[in-house]
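Novice: Chain by chain, the residues run as shown.
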Amino acid sequence: MSEQEFIRQLQEALSRLPERERQEILDDYREYFRDGAEAGRSEADIAAGLGDPRQLARELAARHHIQQWESRKSFGNLFAVVGAIAGLGFLNFLLAIPFMFYLWMLTMAALASTGILIGGVVVFGTLVCNELFGWPAIHEGRDVRAVWSALEEGGPSANIHINGDGGEKVEVLRDASSGRASIHILSSDGSISLERGASDAVGRLRIEDDKGSVDIDGIGWGVSRKGMLATGIVLMMLGGGGLFLCYLLARWTWRGLMSYGRYQLGLLDRARRTES
Amino acid sequence: MKTQLKKGTLDMCVLAALAAGDSYAYELVGILSRTMEVSEGTMYPLMRRLQAEAWVSTYLVESASGPSRKYYTLTEEGRRQLAWMQREWREFVNEVNGVLGLAAGAAEGESS
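Protein chains in written order, with this note's numbering: chain B, 1 to 276; chain C, 1001 to 1112.
Simulated from the structure, these hints should not be mistaken for lab results. Careful, some of the hints might be misleading.
[Said to hold, decoys possible] Some chain C residues flagged as far from chain B (calculated, every beta-carbon gap over 12 Å): (1) Ala-1019; (2) Glu-1027; (3) Tyr-1044; (4) Arg-1049; (5) Leu-1060; (6) Ser-1068; (7) Arg-1087; (8) Trp-1089; (9) Arg-1090; (10) Glu-1095; (11) Gly-1098; (12) Gly-1101.
[What the hints assert, rightly or not] FRET-style restraints, in silico, Cβ to Cβ: (13) Ser-74(B) to Gln-1051(C): 29 to 37 Å; (14) Ser-15(B) to Gln-1086(C): 51 to 59 Å; (15) Leu-238(B) to Glu-1076(C): 30 to 38 Å; (16) Ser-1057(C) to Glu-70(B): 12 to 20 Å; (17) Ser-259(B) to Glu-1062(C): 51 to 59 Å; (18) Glu-1062(C) to Ala-112(B): 49 to 57 Å.
Values in this document were obtained by computation on a predicted structure and should not be read as measured data. Idealized CB from N, CA, C, for every residue including glycine.
Based on the sequences and whatever the hints tell you, model everything.
Specialist: This is the structure in structure tokens:
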């Protein structure tokens, strides 16, 4: 093999490495060829001594990716390591496909957990911030409740009926014994009714016209602080637990993977020495 | 056995060669192959590994003829590592020699 061919194959096989690193390796090999030529050796002889450039490249790439991963542990770098180890041999390649899938699932799980955790922190944080600084406002359904309490406390005891000329009606009805109250707006086209259920928090909204109706049975009037607190804590626990689990899995995975990668590189080293 | 032994000791030999003076890849192969069997293909990945371990560092030397050449030099860390490896090596060789000495003595005793 000529120097040019050796360098070409090496360059091709190193294409996934960063440009600077690749150039450095290629320069080093060019230097080696130069020194060999100065010593009076032929290009073919030097190339034969150096071995298969593609195999060399795979080994250098695998080492590079493992190093990258050790200096910065990101999922991207982990994928690169798996890819590089897969490049070392066919069996590794077959193993890498289910492993990539597993890594992908792990990534997704980590992202989902992060999302849940952030949700929990936002809910909890909003509540704490509101307690401490009164901001941001939490709508506990005060407006709706205010209407009901106005009705109950300050309003006239009798029901209210307002009738329009064309048969339109606005009614406010109260039933003192059950505590139920409702507001109805009726016209020839349809109706809107808002009913307060027996409990403070639940109500019913019904909108009707000649084409159909919407009936929402059970409206929470805004949010409750207790509910927010519980939701926030549960979300944070779920998200945090999920993330921690992902972290443990990732740790075990990368430890196993690094040992496997080093073992594979060791095999390569040994194979090359036996050849020589 | 011999290849296995060599794998572990090659690092030490390269560090020892560099302790005697800074050198470049081609020269290093030459120095080592004067006394031991070394594959040229092994040397470069090995040098990169030693660099990654921070046992050696490199610098470029401009040459009058043609492009610059990369020299390898031992770092402080590399010197410490070499000293440790040499100590380990001596202990190991002494232990093995001890056993071999006994075995050789027994064999001689048998034949005489």
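Novice: For each hint, tell me whether it holds in the structure or not.
Specialist: Hint-by-hint comparison with the structure:
1. No Cβ of chain B approaches the Cβ of Ala-1019(C) within 12 Å, the least distance being about 22 Å, so the stated non-interface status holds.
2. For Glu-1027(C), the requirement that its beta carbon stay farther than 12 Å from each beta carbon of chain B is not met, with the minimum near 8 Å.
3. Non-interface call for Tyr-1044(C) relative to chain B: violated, since the shortest CB-CB distance, roughly 7 Å, does not exceed 12 Å.
4. With a minimum CB-CB distance of about 7 Å to chain B, Arg-1049(C) fails to clear the 12 Å threshold, and the non-interface call is violated.
5. Remark: the non-interface label on Leu-1060(C) conflicts with the geometry, its nearest Cβ contact in chain B lying 10 Å away (cut-off 12 Å).
6. Distance check on Ser-1068(C): its Cβ comes as close as 8 Å (rounded) to a Cβ of chain B, failing to clear the 12 Å threshold; non-interface status is violated.
7. No beta-carbon of chain B comes within 12 Å of the beta-carbon of Arg-1087(C); the shortest separation is about 24 Å.
8. Distance check for Trp-1089(C) against chain B: the nearest CB is about 19 Å away, which clears 12 Å, and the non-interface claim stands.
9. Every CB of chain B is more than 12 Å from the CB of Arg-1090(C) (nearest about 24 Å), matching its label as outside the interface.
10. Non-interface call for Glu-1095(C) relative to chain B: holds, since the shortest CB-CB distance, roughly 24 Å, exceeds 12 Å.
11. No beta-carbon of chain B is positioned within 12 Å of the beta-carbon of Gly-1098(C); the least distance is around 28 Å.
12. Interface exclusion of Gly-1101(C) from chain B stands, the closest Cβ pair being 29 Å apart, more than 12 Å.
13. Evaluation of the 29 to 37 Å hint for Ser-74(B) and Gln-1051(C) yields a failure: the beta carbon distance comes to about 23 Å.
14. Distance hint check for Ser-15(B) and Gln-1086(C): the Cβ-Cβ separation is about 41 Å, which falls outside the suggested range of 51 to 59 Å.
15. Hint check: Leu-238(B) to Glu-1076(C), Cβ distance near 50 Å, so the stated range 30 to 38 Å is violated.
16. For Ser-1057(C) and Glu-70(B), the hinted distance range of 12 to 20 Å is satisfied, since their beta carbons lie about 19 Å from each other.
17. In this structure the hint that Ser-259(B) and Glu-1062(C) lie 51 to 59 Å apart at CB is violated, the actual value being about 42 Å.
18. A beta carbon spacing of about 56 Å between Glu-1062(C) and Ala-112(B) agrees with the range 49 to 57 Å that was offered as a hint.
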